[in-house]
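Protein chains: 2
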Amino acid sequence: MNEIIFQGRKLKSKFSNLIKVKKYAEKIMNEKSRKQSLRMLSYGVYVLSSMSEGTYCVSTVTWVSQASFEPPLISVCIKRESASYEIVKKRGEYFLHILGENQQDMASSFFKPTVLEHGKLNGHEFRLYNELPLLKEVPAYLQCKVVEILENGDHPLFLAEVVDAVINYDCKPLELRKTNWSYGG
Amino acid sequence: MNEIIFQGRKLKSKFSNLIKVKKYAEKIMNEKSRKQSLRMLSYGVYVLSSMSEGTYCVSTVTWVSQASFEPPLISVCIKRESASYEIVKKRGEYFLHILGENQQDMASSFFKPTVLEHGKLNGHEFRLYNELPLLKEVPAYLQCKVVEILENGDHPLFLAEVVDAVINYDCKPLELRKTNWSYGG
Numbered sequence: 052m053n054e055i056i057f058q059g060r061k062l063k064s065k066f067s068n069l070i071k072v073k074k075y076a077e078k079i080m081n082e083k084s085r086k087q088s089l090r091m092l093s094y095g096v097y098v099l100s101s102m103s104e105g106t107y108c109v110s111t112v113t114w115v116s117q118a119s120f121e122p123p124l125i126s127v128c129i130k131r132e133s134a135s136y137e138i139v140k141k142r143g144e145y146f147l148h149i150l151g152e153n154q155q156d157m158a159s160s161f162f163k164p165t166v167l168e169h170g171k172l173n174g175h176e177f178r179l180y181n182e183l184p185l186l187k188e189v190p191a192y193l194q195c196k197v198v199e200i201l202e203n204g205d206h207p208l209f210l211a212e213v214v215d216a217v218i219n220y221d222c223k224p225l226e227l228r229k230t231n232w233s234y235g236g
Numbered sequence: 052m053n054e055i056i057f058q059g060r061k062l063k064s065k066f067s068n069l070i071k072v073k074k075y076a077e078k079i080m081n082e083k084s085r086k087q088s089l090r091m092l093s094y095g096v097y098v099l100s101s102m103s104e105g106t107y108c109v110s111t112v113t114w115v116s117q118a119s120f121e122p123p124l125i126s127v128c129i130k131r132e133s134a135s136y137e138i139v140k141k142r143g144e145y146f147l148h149i150l151g152e153n154q155q156d157m158a159s160s161f162f163k164p165t166v167l168e169h170g171k172l173n174g175h176e177f178r179l180y181n182e183l184p185l186l187k188e189v190p191a192y193l194q195c196k197v198v199e200i201l202e203n204g205d206h207p208l209f210l211a212e213v214v215d216a217v218i219n220y221d222c223k224p225l226e227l228r229k230t231n232w233s234y235g236g
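Chains as they are written, first to last, in our numbering: chain A, 52 to 236; chain B, 52 to 236.
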């Protein structure tokens with residue numbers, strides 16, 4: 052009887068190891084297919100800018116979508132661990148610059164922290180408009196006022212009203228998939 | 052004196068008309084550039100499905116974005132005046148199907164109200180999974196649980212956790228710009 056119980060225990064313990072291995076394998080598989088399927092979502096590449104208390108932030112963002120026609124709203128998700136998150140939250144306003152298909156280099160220059168040098172932001176000309184830094188080279192931009200923030204997750208979602216929009220010149224917009232970068236998963 | 056005042060009034064009235072015309076022209080211009088620039092944002096084309104109290108909803112959506120890596124969150128904006136808005140809000144769960152680049156016809160079939168006929172939804176095969184309708188032909192899908200709803204504007208934003216994700220087969224995803232449809236402005 053003891054031996055059966057003993058064997059029973061051993062068997063149980065082996066089973067539980069097998070279940071652990073199976074669960075671990077499933078987890079890895081799920082994470083892989085989650086990453087792969089989330090990377091099938093389509094995005095553009097944009098540059099967001101703002102300023103608060105004399106500090107500029109300019110950063111490349113991709114998780115952007117319109118969220119309403121009337122009033123015109125857009126959502127932008129901003130990495131919590133970033134200067135942009137702090138500054139846009141304080142200021143409640145930003146510009147979203149739309150890039151042209153030939154402006155991938157410009158997008159990559161704003162992966163780095165924002166530096167003001169020789170009157171340029173990370174090497175790019177700008178002017179102040181409504182005390183916000185506005186990049187000069189872009190085909191179009193939206194001026195946005197934050198109306199709600201969802202603090203969930205690692206990229207809080209800023210819902211903002213589009214209060215103005217300007218087209219500088221016609222061009223095809225830069226798409227994330229064409230850059231061979233990915234942001235998602 | 053009366054005449055001057057009279058003339059003065061006329062002049063003022065002319066001025067105010069001119070200002071009205073100018074403001075109207077500016078409004079039209081702003082709306083035009085707002086529409087044009089918002090249409091420069093990039094989107095995929097997806098099919099959202101849910102079910103509540105025996106009623107199915109399956110509809111094509113484009114305003115979708117990831118919103119967090121950890122936990123994995125996505126945002127989907129759903130037209131307020133739609134069956135999907137009511138059903139997803141009641142149910143708190145949905146599938147987001149990712150379409151392949153050759154599935155534009157499938158997307159257009161879900162512009163219409165959802166009809167269950169001969170065991171198909173708007174002509175497409177499905178099965179119930181977790182009491183939610185899951186389309187069979189798609190390359191990938193995400194199973195999502197709603198965590199927050201922002202009710203602003205005409206397309207409330209549903210923030211949801213991706214609880215499962217499945218890849219059925221490899222393919223290039225359908226992008227809105229390639230369909231020559233537009234949804235935004």
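In case anyone wonders, no lab produced these hints; they're calculated from the structure. Please note that the accuracy of each hint is not assured.
It does not matter which identical chain is meant; a pair holds if it fits inside one copy or across any two.
Said to hold, decoys possible - Here are the simulated DSS-like pairs of lysine-lysine, each with C-alpha atoms no more than 25 Å apart in a straight line:
(1) K130 to K196
(2) K86 to K187
(3) K83 to K196
(4) K223 to K83
(5) K71 to K171
(6) K163 to K187
(7) K187 to K83
(8) K229 to K73
(9) K86 to K171
(10) K140 to K223
(11) K73 to K83
(12) K130 to K86
(13) K229 to K78
(14) K171 to K229
(15) K73 to K130
(16) K130 to K71
(17) K78 to K187
(18) K73 to K141
(19) K141 to K74
(20) K78 to K196
(21) K223 to K74
(22) K71 to K229
(23) K223 to K86
(24) K73 to K140
Evaluated hints:
1. Proximity of K130 and K196 under a CA criterion of 25 Å is satisfied in both settings, with 18 Å inside one chain copy and 22 Å between copies.
2. Taking the shortest Cα distances, K86 and K187 sit within 25 Å of each other only across copies (21 Å), while inside one copy they are farther apart (36 Å).
3. In this homomeric assembly, K83 and K196 come within 25 Å of each other (Cα to Cα) only across copies, at 19 Å, whereas the closest approach inside a single copy is 37 Å.
4. Proximity of K223 to K83 under the C-alpha cut-off of 25 Å is restricted to the inter-copy arrangement: shortest distance 18 Å between copies versus 32 Å within a copy.
5. Proximity of K71 to K171 under the C-alpha cut-off of 25 Å is found in neither arrangement, the shortest distances being 55 Å within a copy and 39 Å between copies.
6. For the homomeric pair K163 and K187, the shortest alpha-carbon distance inside one copy (19 Å) is at most 25 Å, but the shortest distance between copies (43 Å) is not.
7. Taking CA atoms no more than 25 Å apart as the test, K187 paired with K83 passes between copies only; the shortest distance there is 21 Å, against 40 Å inside one copy.
8. Taking CA atoms no more than 25 Å apart as the test, K229 paired with K73 passes in neither setting, with 37 Å inside one copy and 41 Å between copies.
9. Taking identical chains as interchangeable, the C-alpha atoms of K86 and K171 are never at most 25 Å apart, the minima being 37 Å within one chain and 30 Å between chains.
10. Taking CA atoms no more than 25 Å apart as the test, K140 paired with K223 passes in neither setting, with 31 Å inside one copy and 36 Å between copies.
11. For the homomeric pair K73 and K83, the shortest alpha-carbon distance inside one copy (15 Å) is at most 25 Å, but the shortest distance between copies (57 Å) is not.
12. In this assembly of identical chains, K130 and K86 lie within 25 Å of each other by CA distance solely inside one copy; the values are 18 Å within and 28 Å between copies.
13. Taking CA atoms no more than 25 Å apart as the test, K229 paired with K78 passes in neither setting, with 30 Å inside one copy and 35 Å between copies.
14. Taking the shortest Cα distances, K171 and K229 never come within 25 Å of each other, neither inside one copy (27 Å) nor across copies (36 Å).
15. For the identical chains of this complex, K73 and K130 are neighbours neither inside a copy (34 Å) nor across copies (41 Å), given an alpha-carbon limit of 25 Å.
16. Taking identical chains as interchangeable, the C-alpha atoms of K130 and K71 are never at most 25 Å apart, the minima being 34 Å within one chain and 43 Å between chains.
17. For a Cα distance limit of 25 Å, the shortest separation of K78 from K187 across copies, 23 Å, qualifies, whereas the shortest one inside one copy, 47 Å, does not.
18. In this assembly of identical chains, the alpha carbons of K73 and K141 never lie at most 25 Å apart, being 47 Å within a copy and 35 Å across copies at closest.
19. In this homomeric assembly, K141 and K74 never come within 25 Å of each other (Cα to Cα): the closest approach is 44 Å inside a single copy and 32 Å across copies.
20. In the homo-oligomer, the alpha carbons of K78 and K196 lie at most 25 Å apart only across protomers (18 Å), although the nearest pairing inside one protomer, at 40 Å, exceeds that limit.
21. Proximity of K223 and K74 under a CA criterion of 25 Å is satisfied in neither setting, with 46 Å inside one chain copy and 30 Å between copies.
22. With identical chains, the CA atoms of K71 and K229 are never at most 25 Å apart, being 40 Å at best within one copy and 45 Å at best between copies.
23. Proximity of K223 to K86 under the C-alpha cut-off of 25 Å is restricted to the inter-copy arrangement: shortest distance 15 Å between copies versus 28 Å within a copy.
24. For the identical chains of this complex, K73 and K140 are neighbours neither inside a copy (44 Å) nor across copies (35 Å), given an alpha-carbon limit of 25 Å.
The structure fails to meet hints 5, 8, 9, 10, 13, 14, 15, 16, 18, 19, 21, 22, 24 from the earlier list, while all remaining hints are met.
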